[in-house]
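Generate coordinates for the entire structure from the input sequences, incorporating the hints supplied.
There are 2 protein chains.
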Amino acid sequence: MLGRVLNTHQQWLCRQLADLGYIVTRQVAVPDTGNDIQQAVRDALARADLVITTGGLGPTSDDITRDLIAEMLGKPLRQDTAVLGHIQQFFTARKRPMPERTSVQAQVPEGALVLHNPHGTAPGLALQVSPNPFRPGGAGTWLVMLPGPPRELRPMFTGSVVPLLKRVLPLASGFACRTLKTTGIGESVVQERIAGRLQRLVEAGLDVGYCSRPSQVDVRVAAQGAEAAHQVEEAEAIVRRLLGPRIYGVEDDDLETVIVRLLAERKATLALAESCTGGCIAHRVTNVPGASAVLLAGLVTYSNAAKQRFLGVQAETLAQHGAVSEPVAREMAEGARRETQADYALSVTGIAGPSGGTPEKPVGTVFIGLAGPSGTVTERNFNPYDRETFKQVTAQQALDLLRRSILPGPPA
Amino acid sequence: MLGRVLNTHQQWLCRQLADLGYIVTRQVAVPDTGNDIQQAVRDALARADLVITTGGLGPTSDDITRDLIAEMLGKPLRQDTAVLGHIQQFFTARKRPMPERTSVQAQVPEGALVLHNPHGTAPGLALQVSPNPFRPGGAGTWLVMLPGPPRELRPMFTGSVVPLLKRVLPLASGFACRTLKTTGIGESVVQERIAGRLQRLVEAGLDVGYCSRPSQVDVRVAAQGAEAAHQVEEAEAIVRRLLGPRIYGVEDDDLETVIVRLLAERKATLALAESCTGGCIAHRVTNVPGASAVLLAGLVTYSNAAKQRFLGVQAETLAQHGAVSEPVAREMAEGARRETQADYALSVTGIAGPSGGTPEKPVGTVFIGLAGPSGTVTERNFNPYDRETFKQVTAQQALDLLRRSILPGPPA
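One line per chain: the protein sequences are A and B, in this order. Under the working numbering, the first residue of the first sequence carries the number 2, and numbering increases by one thereafter. Under the working numbering, the first residue of the second sequence carries the number 2, and numbering increases by one thereafter.
FYI, nobody ran anything at the bench for these hints, they're computed from the structure. Please read all numbers here as calculations on a predicted model, not as lab measurements. Careful, some of the hints might be misleading.
Intra- or inter-copy, both count: the list cannot distinguish identical chains.
The calculated BS3-like cross-link candidates involving lysine-lysine, where the alpha carbons are at most 30 Å apart (straight line), are [said to hold, decoys possible]: (1) Lys96 / Lys76; (2) Lys76 / Lys167; (3) Lys362 / Lys268; (4) Lys362 / Lys76.
Here is the structure:
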């Protein structure tokens with residue numbers, strides 16, 4: 002609640018649940034106090050068929066979730082000898098003494114299922130709250146408590162919770178979904194192009210969602226029922242026909258992942274010559290496992306001297322056109338290709354700001370160059386954003402120029 | 002709710018609010034449907050003096066927050082001509098046609114304050130809900146609606162919301178806090194060193210929090226009341242005395258921001274020679290405004306050929322010791338310094354994984370080199386993490402080696 006830690010659990014769990022077809026209707030975070038935790042769990046039990054809590058199952062004094070929930074539901078806690086044995090074994094295997102308080106993790110509320118934790122000491126717990134006193138007349142609610150550390154939570158969810166859900170809360174009907182990822186096109190334009198043509202499927206129950214980030218718009222289509230797979234397939238075909246080459250990937254694809262895959266498939270190599278993006282493109286490409294098979298070098302030539310020394314940019318070109326210019330972008334790309342012998346070389350030169358702009362070339366001006374087997378192309382863009390967004394958007398445009406050059410098709 | 006986007010807003014806003022002295026008691030996320038949004042806002046209005054919503058103010062059909070809240074509170078929407086003018090100007094300046102639907106963003110609920118959006122088209126809105134029908138008898142609640150994109154939300158919060166809060170919801174008593182940022186030391190060690198010495202202040206009401214991420218531990222001290230500033234000052238002095246050079250900055254300082262400042266103050270220049278970090282260090286340094294005054298070049302020499310071609314690493318050194326070795330780290334740093342004439346050159350060579358490890362040099366092995374005016378130093382580290390964490394931790398260690406070399410002091 003102090004904003005020191007990013008809540009990646011909620012994203013991860015929602016992603017898993019959504020792709021299984023479960024509809025998440027609320028995410029809540031509360032402080033580590035008894036009143037806030039009980040109130041949040043009570044509200045959730047009043048609303049949902051499934052409630053998942055994370056954290057608060059450990060041995061320290063602020064790990065109070067298990068006790069609070071047992072108390073609230075009137076379920077006495079009992080020591081589970083199998084769990085206690087697992088905890089003792091965990092410490093024995095690591096040749097560490099077992100701290101006294103650790104044994105509280107073997108306390109299990111009456112009637113709860115124990116979810117084994119191979120990566121830690123606190124087991125998960127699953128309880129059917131039935132009848133559910135907070136939703137009179139409704140069906141019972143399943144309450145699942147998971148440990149906080151991601152390396153314990155994630156395998157427990159996949160290994161124990163998913164099989165449990167499929168058994169106790171099976172989906173009434175079929176489910177299918179697909180995410181298509183686009184770049185180089187704004188959210189409103191995406192929507193204008195596809196919404197009308199999807200209308201018929203939407204009326205038949207298709208769900209269409211848009212997720213927009215700088216220079217990236219995801220389109221997700223999902224459907225339920227016996228026709229789900231067919232509807233999603235049909236929707237995907239429509240979106241692909243209308244957005245064509247603006248779609249660079251599906252599901253979890255990043256543009257850099259796609260680039261590494263396209264280059265590796267062709268056994269082609271890449272060099273980068275970055276000025277204003279300052280290594281952002283190299284950093285993104287090298288986040289992809291296997292990047293070393295395609296990336297030969299990235300040259301972050303921030304100074305003019307470095308542009309001349311490492312890329313062979315001509316002093317006259319710099320003097321005549323300035324470092325942020327089409328001819329310099331061209332010479333940078335061609336120089337990087339020549340010096341590294343790569344098949345493709347991408348270059349970027351621009352003004353990230355906040356200072357350095359002129360009336361003719363305001364902050365946000367950028368030239369991108371691509372030297373490849375069939376010659377050199379350049380483009381001029383205008384990305385008037387803050388410094389970090391400028392770098393990410395420009396990197397995205399450069400990677401997309403490369404993608405479209407590798408995969409020639411009709412203009413989008 | 003589909004788990005496609007990480008909720009960084011909640012973290013960022015909680016951080017800002019906590020450091021102003023406001024206590025956040027709940028974070029909620031709901032789907033883009035009328036019922037869920039209205040219910041969540043209603044629940045929040047029943048609970049708090051301040052409610053902040055993010056997102057749902059844009060031009061697409063699922064941007065419904067403004068309309069739903071206006072309807073729920075019975076406030077008619079009116080077109081605001083100043084906002085409409087700003088939106089039109091926004092598109093004119095970018096030489097793009099204004100999509101029809103964009104004008105809905107100029108709709109303002111009666112009585113709402115308009116928070117100007119210099120970075121986008123959707124303005125923020127602030128409303129005093131008084132009397133608050135969902136908290137009968139309580140004080141009125143301020144409801145602030147902010148746009149979703151971070152580059153719009155953040156400056157709007159800092160520029161418009163903070164001044165508004167200080168005016169309409171001033172804190173009853175004093176508040177002070179301080180965050181000290183450390184690197185190269187684990188959370189339990191930090192806690193062991195300082196907790197006992199802070200105990201007296203904690204008993205007098207000081208709040209001490211630790212936030213640990215890979216290769217970084219933040220210590221936050223906060224206090225309320227008339228003595229707040231004095232208590233925090235005293236706590237800071239104690240922590241500084243006990244952690245000394247492990248503290249690299251305060252509040253929002255990044256290590257890269259500190260590095261750029263230290264180098265700029267000394268009019269010193271930097272070059273980078275990165276292998277396994279793949280541009281991560283260059284990317285971080287160039288995120289800092291003013292980096293161009295200190296960074297001459299970053300050479301991402303992923304292939305052996307690039308290490309030889311751009312840094313003059315000897316073929317024999319590579320053959321004899323392998324690319325991941327102390328002699329190669331040394332030659333990379335010295336080569337980068339020689340080729341760029343920089344005052345300092347940092348080098349990194351290691352095995353990011355997931356493949357490429359050997360029994361002698363397992364995945365996670367890294368050598369860092371620093372060539373400077375007084376010679377070259379190297380260090381060997383072991384960072385057995387996933388690929389992206391490996392890059393960030395290694396970049397942090399390299400930048401910290403440079404920081405400690407620029408600022409010599411007693412060992413921590």
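Hint numbers not upheld by this structure, sorted from lowest to highest
Of the numbered hints, 1, 4 do not hold.
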